[in-house]
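Undergrad: Quick one: dock chain against chain with the hints and give me the complex.
Each protein sequence line maps, in turn, to chains P and Z.
The numbering of the first sequence is my numbering, which starts it at 1 and goes up by one.
The numbering of the second sequence is my numbering, which starts it at 1 and goes up by one.
It is possible that part of the hints are untrue.
Unchecked claim - Sample of chain Z residues with no beta-carbon within 12 Å of chain P, all distances over it, derived:
1) E72
2) Y82
3) L132
4) E217
5) G225
6) E228
7) N250
8) A292
9) K301
As the list claims (entries may be wrong) - Which chain P residues stay away from chain Z? Per the calculated CB distances, all over 12 Å, these:
10) W76
11) A111
12) L119
13) R131
14) S138
15) G176
16) K205
17) Y212
18) G221
19) F223
20) R225
21) N271
22) A294
23) I307
24) H317
As the list claims (entries may be wrong) - Here are some chain Z residues pointing at chain P (derived, C-beta under 7 Å):
25) A181
26) A184
27) Q258
28) A389
In case anyone wonders, no lab produced these hints; they're calculated from the structure.
Idealized CB from N, CA, C, for every residue including glycine.
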Amino acid sequence: MTTESATQRPIRGVAGSRTGSTGTPRRAGARRRDNLAGYLFLSPWLIGFVGLTAGPMLISLYLAFTDYNLFSPPTWNGVDNFVRLAGDQKFWGSVRITLLYVFIGTPVKLAAALVVAMLLNRASRATGFFRSAFYAPSLIGASVSIALVWRAMFSTDGPIDSALSSIGIDVGGWVGIPALVLPMMILLAVWQFGAPMVIFLAGLKQVPPELYEAAEMDGAGPFRRFRSVTMPMLSPVLFFNLLLEMVHAFQIFASAYIIGSGTGGPAGATNFYTVYLYTRAFANNQMGYASAMAWVLLIVVGIFAAILFKTSNAWVHYAGDQR
Amino acid sequence: MHTARIRRIGIAAVAALSVFTLAACSNAPAAEYDPDEEITLNFTWWGNEDRASRYQQLMDKFTEQHPNIKIEGTFTDFASYYEKRATEAASGGLPDVMQFIDSYIGQYSENGQLLDLNTMSDYIDFSTFDDLMLSMGRVGDKQLALPGGFNVWSMSSNKALLAEYGLDEYEGGTSWEDYSAYMASVTEATDGALYGGTDYTQRIQDFEVWLRQQGQELYEDGALGFTEDDLREFWQLGAADRDGVTAPQNRLEEVAPQTGVAAKMTATELAWSNAMVNYQAESGSEEFSLIAPPTSDPNAKDLYRQGGNQFAIAATTKHPEAAAMFVDYLVNSADAGAVFGTSTGFPASTSRLAGTKLEGADLKVSQYLDSVADRIGPTPPIQNVPYGALEAVFWDLGKSIGLGAISIDDAVQQFFDEAAVSLD
Chain P
1 MTTESATQRP IRGVAGSRTG STGTPRRAGA RRRDNLAGYL FLSPWLIGFV GLTAGPMLIS
61 LYLAFTDYNL FSPPTWNGVD NFVRLAGDQK FWGSVRITLL YVFIGTPVKL AAALVVAMLL
121 NRASRATGFF RSAFYAPSLI GASVSIALVW RAMFSTDGPI DSALSSIGID VGGWVGIPAL
181 VLPMMILLAV WQFGAPMVIF LAGLKQVPPE LYEAAEMDGA GPFRRFRSVT MPMLSPVLFF
241 NLLLEMVHAF QIFASAYIIG SGTGGPAGAT NFYTVYLYTR AFANNQMGYA SAMAWVLLIV
301 VGIFAAILFK TSNAWVHYAG DQR
Chain Z
1 MHTARIRRIG IAAVAALSVF TLAACSNAPA AEYDPDEEIT LNFTWWGNED RASRYQQLMD
61 KFTEQHPNIK IEGTFTDFAS YYEKRATEAA SGGLPDVMQF IDSYIGQYSE NGQLLDLNTM
121 SDYIDFSTFD DLMLSMGRVG DKQLALPGGF NVWSMSSNKA LLAEYGLDEY EGGTSWEDYS
181 AYMASVTEAT DGALYGGTDY TQRIQDFEVW LRQQGQELYE DGALGFTEDD LREFWQLGAA
241 DRDGVTAPQN RLEEVAPQTG VAAKMTATEL AWSNAMVNYQ AESGSEEFSL IAPPTSDPNA
301 KDLYRQGGNQ FAIAATTKHP EAAAMFVDYL VNSADAGAVF GTSTGFPAST SRLAGTKLEG
361 ADLKVSQYLD SVADRIGPTP PIQNVPYGAL EAVFWDLGKS IGLGAISIDD AVQQFFDEAA
421 VSLD
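Pulled out of the complex, with its shape left as it was, chain Z reads as follows (with noise of 0.2 Å):
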């Protein structure tokens, strides 16, 4: 009887518990959309959190607008960022709305885990985009994120700090080695109390600025553009830098994740045109400048619009429409245009771009970018390359460079080893 008893119970637990775990396994299908269904969504992004309470601004007006959506944000820095995303998408538990880096894309168009938001033209404005800033998040003919904002490759220059040394701004757009030995009068004249700037050769950034200037490209139809030897001498072209002029590396870790320009220990930082306003801010700077980087040809085309910041919907998401229309006010409301201003990159639609004012740091991004309009060429197109891991492996030896811990030729050989595993 006792025991009898106790089965039962056992029994119906067993039931209950399964039945619970059916329910959570059920899919509803996706419905039309609905304005007066409630519907959650989730957002998320990376980024500190300056960039947070706008995103709470954008998403609290939002859903002023449409009272049924409920948005909810999370975030992360950078670097971690995708590494949650990967384990999402292995279990297909993407995020309804997420803010995407291009270099991510063609990775996530694999497997379809990314909607092509082509077939939600009825809720995505897209002319308010040129076609250039629509490529940027294209992979064939399938529209896989919208930009919100694009950067172009620059330098950032602490301009009021350098005028407590009396001391001037790089000029900008003249050879690397001008740029070198401009760093090298900095460190010197303040006697190292201020360096010049951080060694350049460590960012594939710069690398990819350099092959541009001689024609060519860091990837090419999903495989490295460049040799051994291309590498061999950037790296190289560092070296002499490395000794005295830059930023020495160890004491450049003890900052880290902040860069020598943000810790006010570098006067310059080679980095995208949005990071201008960050470093101001985290250094508490009074002024930075935006300045062309050094180039090695100035008729040269190295220069390109990067789509840093886009939005991109989970194909799994099960409220398609609803969540275009979010992508559809991130990219193009005049909203988000005066609560971001440039600072997640210059506005990349005319209507987003209309709710901008280009005051202060961000009319000095809108300067830039016209400074530099004959060197912009066009965007590499996406490709299936683990273009993150790459970077951060060569982001890595070039750090490791820097603390005589490898050899130039080690490193060269270390990158080409590792390219040859990711790109199989």
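Isolated chain P, as found in the complex (with noise of 0.2 Å):
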């Protein structure tokens, strides 16, 4: 949301002026007959909505209070499964990884993705090829298949290995090492920088020319054009993609749970917040439990949005705005 309004701010005067007249004023029984057949035509998205989404979430709102096996009808417990959770060795475990890996992972990835995307924005014939080269990881990211390739490259005598061990580093393979886990999550995470990537150089190509030229005129250096050029010119895009990718990696399962084997495993390594509410409500039947942890997850991702927003104030420029 945050790029379009960026992009396409400077000619809202243009489009303003060709949406600006509404037509004719209508009779007000006509306006309800639009308006019928408007939800109508919406009905798809509005039962969707509501049956897949908003109702589901309701329940698992409810759900959150009661102890539910699902076998049996589910039985209130009141907040029984809030203190449970505080409790929770396992949970504050999962809690803990899973925030280092959105608050290592995010910058990182971000950072990849933007110093690969200043490579790409200098003009050159095969920037085409490099950007499909950069972004295809992130096609195939998601998929079993790559996180079975990550758990033997960092097997023992896999790739990874073979190439520490050559240089002196002989720390066996990563995969069964709970303290090396994390970082090769993270590691597989940056690998897929390329989305971030793509929206980032978009963002570069935005960037007034003349901006840089006057800059250097000023006797800027490359580091100066950066910090004061570069960088406010792609903040909107900057915040977009924190706000997207940091969202994005607190949900991270799937690759956690092939590595992991569906454990969590070794020792909790790969039990990640998501992994864990999929074991209790799956492996271990206790969907109440769960739903707790998913609307804990649902909380604590909304207010490190909020705060992502509030800050965004100080440090976001939006070109045009009067600061």
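TA: Shown next, in the form of structure tokens:
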């Protein structure tokens, strides 16, 4: 959303003049009929929203306050699930690794995306090829096969182990060492920087070249140009990417589930929040407890997003805004 | 005019939608079995490709005999099998016929998810089972599942691989300390190229056998049959082995879900007796043996027959008679014996056993069962405990101990905390 507003704002005057007139006012009855037809056309989406999103969410909110094993009807148990969460060591372990994953993985991924986007932004005949090549991992990244390949790569005597051994670092396979699993998972996420990269690239193309020329004439070096021109001009895109990638990172599931063989192992190192939630819901049949976890996640992600929005006033710069 | 037409179309669309929804909701009452009625049964199991091709053969043969019954088979691995079933059970959409493990029958007996097979006695022959076999799938007076095959806890040993190193196999049935010494001798002789075994204290079945050797049970009356001290003592038992004798847990994590013995990392593995055939195939070894597990009391009735491969019918099935005929075919037919051998356990019914050719690995299973006959005691009754979930918790904690990520005391605490919640 942010990218759109950032790139469209300069031409708003033109667009506004075209859509400014709304035509002749209509009679109320005809408008009501129009509205009805509109809702009818919307109904497939409305049914989907109510039946597949809003309804289940409300039910899960109810279930969060119950004991529900999927076989017998749920029984109300108040805030028991939340009290149990507070004392659940595995829960806190999963919170810890998920936060580490989000707050280390996301910045590193975005930094990689930005660096590569800036390299690709330099005009070159091969840009098209490299853009596709760097984007490719994002297309296949969420697949089961990549998680399996990742597992094999980081096993004992796999390519990573062999490469590290050849330069004298002998740690063995990462897959079985709890402390090395998180870095391995972060690397997998960082490697899939294609999507934010493409968005950065689009943002970079929007930066007016005259700003760079002016800065250069004022004697700004490459670093200064980056800090004073590129970053402010790119900040709406950065904000968009940051928000999207953060929310996305909180939801890490498939790769963790595959690499940990669905058990959250070794020793809870792949027991990310959603993996633990899934285990509670579908392996342990504790649907009430899992629903409570889901709502805690929703609220926590909501809080982080709100913080991001609040701080964005201070650092996100929209071209054309008076500040 | 224009908007009115849109409205008419809209109303028609909504009406059509509701008709479809209503049609999907209406349930035709189950009719008596009619050999001319076209019937499709859903059948699901856990297993690998090998098992899938064997089931396919059986399904084809069954349809040859009953051309009106078509069987749609689906399968997954065991890990996700009951995750899928749980959601289906909650939504009332369980498949007609399901492969079932004893440890989940108790849970599914709640709320009547499974059909009482006694009501289908016109279509299923129970006379080929002795009472012990029937008890594996019985809760109260309801027969909720029937075993196709049964297993007994055992040790799989890679005989051919040990022979390559010029090493002997574990003799079987001696003390746990003897077994540890044997594992150490293998690891030492091969300099870690082949480990003697896996840390057996990771598996709840080993714990159960160990408890039964002392006259205790895992579960009694739906509660834990052991104390925190018992569990602490058991996990301590493996402490010395974890220090360089058994395969390191971080290496085992890399080959998971394969076991160490299947990946040729270890020489032995304690597992159910039907696992040996799979281990032999996965490791590509020429010969495996089944050996009696260690025991602290050679006279104890520590082992039992486990109904690991049973068949159940969903209570919601629309074709109970046809489903019952198919279950009867799976558990009783000579075809099933011929197609499966002992790969889903040793045939539980006399008629299926009659069709089984006991040769090669299948013969070894048969000989093993004879050799431990004196150690086989009563099968623990089916109880309404989330056995599968607690088994997984036990295994995870055992592996975490092996990785040095948790102390034994903390692991004991976590297991009892978890049990307190699940057995609530």
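Undergrad: If a hint holds in the structure, say so; if it does not, say that too.
TA: Structure-based check of all given hints:
Consistency note on E72/Z: stated as away from chain P, and its beta-carbon is indeed over 12 Å from all of that chain's, at 23 Å minimum. For Y82/Z, the non-interface assignment is contradicted: its Cβ lies about 8 Å from the closest Cβ of chain P, within the 12 Å cut-off. For L132/Z, the shortest C-beta to C-beta distance to chain P comes to about 28 Å, beyond the 12 Å cut-off, and the non-interface label holds. At roughly 23 Å, the least C-beta separation between E217/Z and chain P is larger than 12 Å, which holds for a residue marked as non-interface.
The Cβ of G225/Z lies farther than 12 Å from every Cβ of chain P, with a closest approach of about 21 Å, so its non-interface assignment holds. Every beta carbon of chain P lies more than 12 Å from that of E228/Z, the smallest distance being close to 17 Å; the non-interface claim holds. The Cβ of N250/Z sits about 3 Å from the closest Cβ of chain P, inside the 12 Å cut-off, so the non-interface label is violated. Once the 12 Å rule is applied to beta carbons, A292/Z is consistent with being away from chain P; the minimum gap is 30 Å.
Residue placement check: K301/Z keeps its beta carbon more than 12 Å from all beta carbons of chain P (closest about 32 Å). Every CB of chain Z is more than 12 Å from the CB of W76/P (nearest about 15 Å), matching its label as outside the interface. The non-interface label for A111/P is consistent with chain Z: the shortest C-beta to C-beta separation is roughly 30 Å, beyond 12 Å. Under the 12 Å C-beta cut-off, the non-interface status given to L119/P relative to chain Z holds; the minimum distance is some 35 Å.
Every C-beta of chain Z lies more than 12 Å from that of R131/P, the closest at about 35 Å, which supports listing it as non-interface. The Cβ of S138/P sits about 26 Å from the closest Cβ of chain Z, beyond the 12 Å cut-off, so the non-interface label holds. Not every CB of chain Z lies more than 12 Å from the CB of G176/P, the least distance being 3 Å, so the non-interface label is violated. Annotated as non-interface, K205/P keeps its C-beta farther than 12 Å from every C-beta of chain Z; the closest such distance is 43 Å.
Even its closest Cβ contact with chain Z, about 50 Å, leaves Y212/P beyond 12 Å, as expected for a residue assigned away from the interface. The beta carbon of G221/P is kept farther than 12 Å from every beta carbon of chain Z, the shortest such distance being approximately 48 Å. With 12 Å as the threshold on Cβ separation, the claim that F223/P sits away from chain Z holds: the shortest Cβ distance comes to roughly 43 Å. Once the 12 Å rule is applied to beta carbons, R225/P is consistent with being away from chain Z; the minimum gap is 47 Å.
At roughly 9 Å, the least C-beta separation between N271/P and chain Z is not larger than 12 Å, which violates its mark as non-interface. Distance check for A294/P against chain Z: the nearest CB is about 15 Å away, which clears 12 Å, and the non-interface claim stands. Against the 12 Å criterion, I307/P stays outside the reach of chain Z, whose nearest CB is about 32 Å from its own CB. With a least beta-carbon separation of about 46 Å from chain Z, H317/P lies farther than 12 Å from that chain, consistent with its non-interface assignment.
With 7 Å as the threshold, the beta carbon of A181/Z stays out of range of chain P, its nearest partner Cβ sitting at about 26 Å, so the hint is violated. Look at A184/Z: its Cβ only gets to about 22 Å from chain P, farther than 7 Å, so that hint breaks. Violation of the interface hint for Q258/Z is found here, the shortest Cβ-Cβ separation to chain P being roughly 10 Å, above the 7 Å cut-off. At a threshold of 7 Å, the smallest CB-CB gap from A389/Z to chain P is about 5 Å, leaving the interface hint in force.
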